[in-house]
Amino acid sequence: MLDLLYAVAVAPFRDMAGAPAFLIEVLIGGVFAGLMYSLVALGFVLIFKASGVFNFAQGVMVLFAALTLVGLLERGVPVLVALALTTVVMVALAFAIERLVLRPLVNQAHIILFMATIGLNFFLEGFGEMLWGANVKKLDIGIPDRSFIVRGVQINQLELTAAATAAVLVTVLAVFFQRTRIGRALRAVADDHEAALSIGVPLRTIWVVVWSVAGVVAIVAGLMWGAKSGVQFSLSLIALKALPVLILGGFESVPGAIVGGLIIGVGEKLGEVYWGPLVGGAIENWFAYVLALAFLLARPQGLFGEKIIERV
Amino acid sequence: MRRRRILIAVLAALALAAPVTAAAQSREVFVPLLVYRTGPYAPSGIPIADGFVDYFTLLNERDGGINGVKLAWEECETQYDNKQGIECYERLKGKSPVVVNPYSTAITYSLIPKAPVDKIVVFSMGYGMSAASDGRWFPWVFNFPTNYWSQASAVIRYIGAQEGGLEKLKGKKVAHIFHNSAYGKEAHPTLEELAKKYQFELSLLAVDHPGQEQKATWLQVRRLNPDWIFMSGWGVMNQVAIKEAVSIGFKMDHLIGNWWSANDSDVVPAGEGAKGYKGATFHAPGTNFKVHADLLKLVYEKGKGSAKKEDLGAPLYNRGIVNAMLTAEAIRTAMTKFGNKPLTGEQVRWGFENLNLTEQRLEQLGMKSFTHPVKVTCEDHEGSGPVLIQQWDGKKWNVVSDWIAPMRDVVRPKIEGAAVEESKKLGYTMRDCAKEK
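First to last, the sequence lines map onto chains A and B.
Just so you know, the numbering used here puts 94 at position 88 of the first sequence, and the rest follows in order with no gaps.
Just so you know, the numbering used here puts 542 at position 347 of the second sequence, and the rest follows in order with no gaps.
Don't read these hints as lab results, they were simulated from the structure.
Incorrect hints may have been included.
Stated by the list, open to error - Per the computed footprint, the stretches of chain B lying under chain A, defined by three or more beta-carbons under 8 angstroms from a beta-carbon of chain A, are: (1) 226–234; (2) 409–415; (3) 435–449.
The structure displayed is predicted, hence computed values, not measured ones.
Beta carbons are placed, not taken as given, at the ideal position from N, Cα and C, and that holds for glycine.
Please model the complete structure; the sequences and the hints are all you need to start from.
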C-alpha cells in the first residue's frame, strides 16, 4: 500500500524535480498540443455561441477543409490560390448548410439542430471521401517539421508555428466578437434567437457568417493537423480531443477554448509521461476527460462558461 | 395492357434465369471479404483489399477460377471495428463461405470460437492469435506463413546482426511502440522472453487509438534514448509515429515497423525525413514479378482493376496478392483430394492443412522470389516462415536483408504453452495428428 502511495504521490514529483529540462519539454509539448486542440475547439465554440448548437460535424469540417486544400495542391494549384479557393468552398458550404439544414429548423429545439449536425457529419464524411478518395495525402505548406534545441529543450518548428497561428487566430476572433457590429449581433443571437430577430438582427446572415468563420477556423486546424499527420480520414476524430477542452473551457468562450486547451494539453502529457507507466501507458485520451470532469464538478459551466440561472 | 405484358415477360425471364443463376452459383467457391475502405484505418485497408480482389479477378479472367470453379466474393465494410466485423461475418455466413480473412486481430479472436461450429476456416495471414499456430488445438485457424511471435524474434535476430551478434544486445535499449490493442500487444510475450535471454532493456510504450496525437510517447522516447525501436502500429498511428521520429531526429534506420507498419502510405506524410525507415515483411515489394505483368495485362487493361495502376507493388497491395494466392492454393490443394468442384468448409480446411507451396509452384504462379515457400501441417498452422527487412529510400521500398529465420526454439514452446491456455478458455481438446496422417 505504501509502495503504491509512493509510486502515485511521490515518485512522479521526484522524477520531475530530478530532470527539470525534461519537465520543461513535457510542458512545452503539452502547451503545443493544447493549442492544436484549441484550434479545433474554437470551431465548436463559434457555432455554439451563435446558435446554441453543438456542431457535431466540426471535426469533419476540419477534414473536409484539409481534403479540399490538399486536393487542390495536388492538382498544381499554388498554395495561396488553393487557400483562397478552399475558403470559397467553406463559405459556400456555410451558405448551403444555412439554406438546406438550418433555415427549415429555425426555432426548433436545440436537440433537433444537434441531430441535424450529426446527419451533416456523415454526409460530409461520405461526400469528402467520394470527392477526394480515402488515401493518406501529404500536406506540404512549406513549414519545416524539424526540431531545434534551446538549452537542452527540444522544440518542434511545426508545433511552434501552429501555436503562433492559434494565438493570432484567437486575437482576431476576440476582436471580431467584441469590437465589430456583426460580432455583437452574433452574441445577441446566441442569447436568444427570437429576441434577436425582434430587434432586427438578421438571423440567416448571422448563421452564414458564423458557419463561414467556423469553416475558416476548420481550414487552419486542418492545415496544422494535416501537416502533422498527413491528410486522412482520422482527422475527423480530432473532434474527440476538442471535447474535454470544451467541457473545461465552456462551450461559448473563445478564451475558454484556449485556456481549456492548454490545461488539457499539459495535463494529459504530464499524466501520460509521469503516471501512465504505472498502468501500462496510453492513458492520455481518457485522462483528458477525467481532468475535464474534475473541473466540471467544481464549475459545471466550465472555466469561462456563463452561469445559467433560471427562474422556476 | 402493354405494361401487363411487359411485366409478365420480365417475370417469365426472371423465372427462367433463376435456375441458371443457381447453377452458376453452385459452380463457385464463395469467399467473404471483411474489408475497411472507409474510416481511420482505410489507408491501410484499401491496398490489401485491392490486392486480394485483383488476384481473384486474375484467376477468374485467366484461368476461369480454380480448376474451372469460379471464385465469388463479396466485400463487407468493417471499418476495422470488431462489432461491425462480426455483423459482416454473420451476414455473409448465409452464402456458404469456405474461408474468412478477418483482417483484424480483434475480429480474428471473435471468430475463432465460431469457426468449428460454422465449419468456416479462419485464415489470419500473419496476424491474429499467435497461439492458434498450434493446429493440434486450433484445427480451424491458420496464420501462415508466419506469426507475430516469429516476426518479433526475427526482428530481434536482425537487430542482433546489425549490432555484431545477438550477444552484443546485452545492455542495449529496445523500445516497442505499439497500438494499444490486442494486435499491438501480441508480440509482447516473445519480446519479454528475448529481453531476458539476451539481456537487453525492453521498454513497452503504448499509443492509444487512433494515434493521431503521440507527443507523450515520443517525449518518453527522447528521454529513454533507445538504441532501436520496433513498432507495431496501424493506420494513422504509423504516419504520425514516423513523423515524430523524424522530428526528434531519431536514426530512421534504427526504427523498424512490423509488417503492418511499413507501407507507402505510412512514409509519404514524412516526406524525405522517412528515408531509411525499415519494416518487416514476408514478401517482396515492387512490381518486378510476372504476376504483376499478368494483372496489368489481364485485369487492368480490361478495366477490371481495383486500384490505380501506380499503386500496384505497394507492400500492402502485394500482401493482398499473397493473401489471395495462399487462399486460392489451399482451395486448389483441397481439390486434389475432393475433386474440381465447389467445396465445403471442411474440405477446404483439409486443403489449408495440407498446403505445400514449393519454390517450383511459386514460379508457376509468376511469384518466383516474391514470397517464401510454405508447408503447413496438422501440428503447425504457421509454417514458421522467415522474414525480410525492407527499407524506404525516399521513393520506394528495397529489400535489405536475406530471409531471416525466426527463433523457433523460443517461439514454438511458447506457442504450445499458449495454445493450451487459450484452448482451456474455449473448452477445446487436443487432437492426435498422428491418427490423421
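Here's how the hints hold up against the structure:
no.: 1; hint: 226–234; in the structure: holds (count 3)
no.: 2; hint: 409–415; in the structure: holds (count 5)
no.: 3; hint: 435–449; in the structure: holds (count 6)
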